[in-house]
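Asks: Using the sequences and the accompanying hints, generate a full structural model.
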Amino acid sequence: MTTAEGDAIEAASDTIESAQGSIAARTGRGPAGRLGVRGWLRWLWRQLTSMRTALILLFLLALASVPGSVLPQEGIDPAAVSQYFVAHPALAPFLNRLSLFSVFAAPWFAAVYLLLFASLAGCVLPRTFRLAGSARQRPPRAPRNLTRLPFTASYATGQQPDEALGKASALLARRRFRLHAGAGWVSAEKGYLREVGNLVFHIALLALLISVGLGGIFGYKANRLLVVGQGFANTPTDLDVFRPGRLVSPSDLQPFSISLQGFTAKYVNSGPEMDQPITYAAPLTYHTSPGAPLRHYVLQVNHPLVVDGVSVYLIGHGYAPEFKVTDGTGRVQFDGPVPFIPVDQSSLTSEGVIKVPDAKPTQLGFAGVFLPTAVDNGGQLQSAFPAALFPRVSLVAYDGNLGMNSGQAQSVYQLDTKGLHQLPVAPRPLAPGQSIKLPGGVGTLTFTGYKQWVSLAITYDPGQLPALVSGITALLGLILSFLVRRRRVFVRALPRADGSTEVVMGGLARSDAAGGFEAEFADLAQHLQELHDGSALPAEQLAQELDQQSAVTAQAHAAGHDPALAGREGSEA
Amino acid sequence: MTRLLRPERCGARAALIGSLLAAAALAIAGCEGGAIGANTPASSGQNFVSGSYQTTVFRVGSRPQAPTVAGITLTGKRLRLASYRGDVVVVNFWGSWCAPCRAEAPTLGALARQLTGSGVRFVGIDIRDEPDAALAFMQNFNVGYPSLNDPNDDIALQFRNTVPPSAIPSTVIIDRSGRIAARIVGGVTYAGLKAMIGRVAAEHS
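Here the protein sequences come in this chain order: A and B. Using my numbering, read the first sequence as starting at 1 and increasing by one per residue. Using my numbering, read the second sequence as starting at 1001 and increasing by one per residue.
These aren't lab readings, by the way, just hints derived from the structure by calculation. Possibly wrong hints are sitting among the right ones.
[What the hints assert, rightly or not] Straight-line C-alpha distance at most 20 angstroms; calculated DMTMM-like pairs for lysine to aspartate or glutamate:
1. A:Lys360 x A:Asp416
2. A:Lys324 x A:Asp344
3. A:Lys324 x B:Glu1130
4. A:Lys451 x A:Glu351
5. A:Lys451 x A:Glu322
6. A:Lys451 x B:Glu1130
7. A:Lys360 x B:Asp1154
8. A:Lys167 x A:Glu530
9. A:Lys221 x A:Asp252
[As the list claims (entries may be wrong)] Covered stretches of chain A, as calculated for chain B (at least 3 residues, CB under 8 angstroms):
10. 231-241
11. 329-336
12. 349-358
13. 405-411
Backbone N, C-alpha and C define an ideal beta-carbon position, used for all residues, glycine too.
Replies: Here it is as structure tokens:
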């Protein structure tokens, strides 16, 4: 009986389990025992690829992204970062040293990500090989005592054992079971698709990780502010912010160019939703490469322009008041739009500066506020609506040294007032067409009108599509492995003393997935019995066999080796 | 053999990890391209990709062909780079709004006055600039050589297959046979640029 028990357990157990068991036994000695360098390395690798480490790393990854949403990020809102620097002069440099203003580019974030990748790859790769092996496996030999399996059937037939087994094989083959036959027995197994699904899931998971990595290596992100009527080309000199992946060089950028033809924004103009935007539309023309035909597109929020796999998103808009500045010699120093940055999104009150570094006799600078719909609110001028219904500009004028000729790069949106001094100009808001004459004959500024601008986010992520495809594939594989059950059917045919043949069938479902095997087995048993023209065994013998079965099951439970349970382990997803 | 130290089997819940990781990746990706209005351009940054000083020199055999650049200068004249073939051409990418360009302008102006006429030509490519401001810059720094107006960066784009200027200012030296001999990203120094031009000018085409 012990041999039979051993057989049944062997049939039910799985090579994966035994492989795992022996590994656990080897490494289970732990660091306490005498381990060489190799032993330690192996132990470290086991630790890294363990489920627990992966979970801790995943948790760390989530934790590490928290500062990314609490603190302003360089890549998303550089303005907020510099505001933070001004507001917290002591703390900000310290946080900056910890890369907390660019969390997703920080070395420690990369460390967590790479460790997680190594952990998952180290876990998934070997498992993939094991699954591949298990998908190719032949069904095991039939256990000696089939009546101890969860599902059994037996009957007597007048056919010879070989003939009976032949018919059983044919039936099982018709039902697309994989067969393995020996003297007096046939084993059949079905549901290998479960392993295929498992395999697909694991490979797709690796592909997903690689895709995400690819995006970071070969992709790039850029920003560009564009005034209506202006154009730009996708090259680093023409981008405001350019964040290339590790292996991106300027010549890899897709050579498209875009011209902004116009911009319209519609706002709710009454009720509680007043000032809320309804639609934005930015009609533009573009060339996919120099010399390519001109194309048209209307850029809208969440309707990016896609050129050569690069997505161009509309992410912001504002006003660019136009100025004409003449210096003390009467020479026109500047004549064009100057993008102002919104400081209040609901009214689009915007701030900006005009630098005139080549003015004579002295450099000129202006800091101003643009109000799209200016209203007098108790002596204080404010913007009441985001559309330019009553545009006004209010300016402060400076002369002196702008600090640009020293070569120190500076923001085009900020005035370094260290070397400047404010000119006594009456604070009068300018309407389009109005000018201010600067005292001392150092120049004149005219507010000639305004244009609108849009800010564009340019993103290229070659890993996006592969990530999507592998994500979907992983899901399909997972569903397949959950839906398909692996199940085994064994048939033994034994000659009986009276010249007839005793046929015993046993069945085992190797996973705890949704039931149904009971019905399938019953159906198989009935069909086989009909083919064999079999008759039920004498009731007395059946009862005896059932007794044996329950006794063995009880034993198995006591030993902690329920064959049915043991069978489940190996095929977990 | 403490139980705590023994790693668990990893595979069973790889599905969970995978889906969580995918969710995390999506969440990170989702941070980009948010709603309009939430994002203003880099109002604190320099708002242009500024150069760190970096020089690339190409050996004679491995020099890329310079693009056939042509356009209208700031003073309204037509200019073809190819018409300078036979001379060494120094191409400088600049803008009047760019502080490092203003710092290197006197150096370039002085070298141009010194070397023009001895087989060296200077050409500026004015990027993202307002023409009045650019002309005022040229007058202010006494820049004698012509500059092509490149408001949309089309000329910079033509250099993409060779040595694209990856920042402003950038300077490219083209040899007598129309091939790119060197590129300097960032401001130039008098001694450094003069020596480099001298080496290229000393070659026989």
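Asks: Hint check: A:Lys451 vs A:Glu351, CA-CA at most 20 angstroms. Holds or violated?
Replies: 14 angstroms, holds
Asks: Given the hinted pair A:Lys324 and A:Asp344, is their alpha-carbon gap at most 20 angstroms?
Replies: 26 angstroms, violated
Asks: Taking 8 angstroms as the C-beta cutoff, is the stated coverage of the stretch 231-241 of chain A by chain B satisfied by three or more residues?
Replies: Held - the stretch 231-241 of chain A has 11 residues with a Cβ nearer than 8 angstroms to chain B, which meets the minimum of three.
Asks: Are A:Lys360 and A:Asp416 close enough, with their CA atoms no more than 20 angstroms apart?
Replies: 19 angstroms, holds
Asks: A:Lys221 and A:Asp252 were given as a pair; does the straight-line alpha-carbon distance stay at or below 20 angstroms?
Replies: 13 angstroms, holds
Asks: Please verify whether A:Lys451 and A:Glu322 have alpha carbons no more than 20 angstroms apart.
Replies: Holds, at about 7 angstroms.
Asks: Tell me if the straight-line CA distance from A:Lys360 to B:Asp1154 falls inside 20 angstroms.
Replies: Violated, at about 32 angstroms.
Asks: Measure nothing beyond the straight line between the CA atoms of A:Lys451 and B:Glu1130; if it is 20 angstroms or shorter, mark the hint as holding.
Replies: Status holds; Cα separation ~15 angstroms.
Asks: Could you grab the alpha-carbon distance between A:Lys167 and A:Glu530 and see if it respects the 20 angstroms cut-off?
Replies: The hint holds at about 11 angstroms.
Asks: Mind checking the alpha carbons of A:Lys324 and B:Glu1130 for me, to see if they're no more than 20 angstroms apart?
Replies: 11 angstroms, holds
Asks: According to a criterion of three or more residues whose C-beta lies within less than 8 angstroms of a C-beta of chain B, is the stretch 405-411 of chain A covered?
Replies: holds (count 7)
Asks: Against chain B, does the stretch 349-358 of chain A show at least 3 residues with beta-carbon separation below 8 angstroms?
Replies: Three-residue rule met by the stretch 349-358 of chain A, so holds; n is 4.
Violated hints, in rising order: 2, 7; the structure is consistent with all others.
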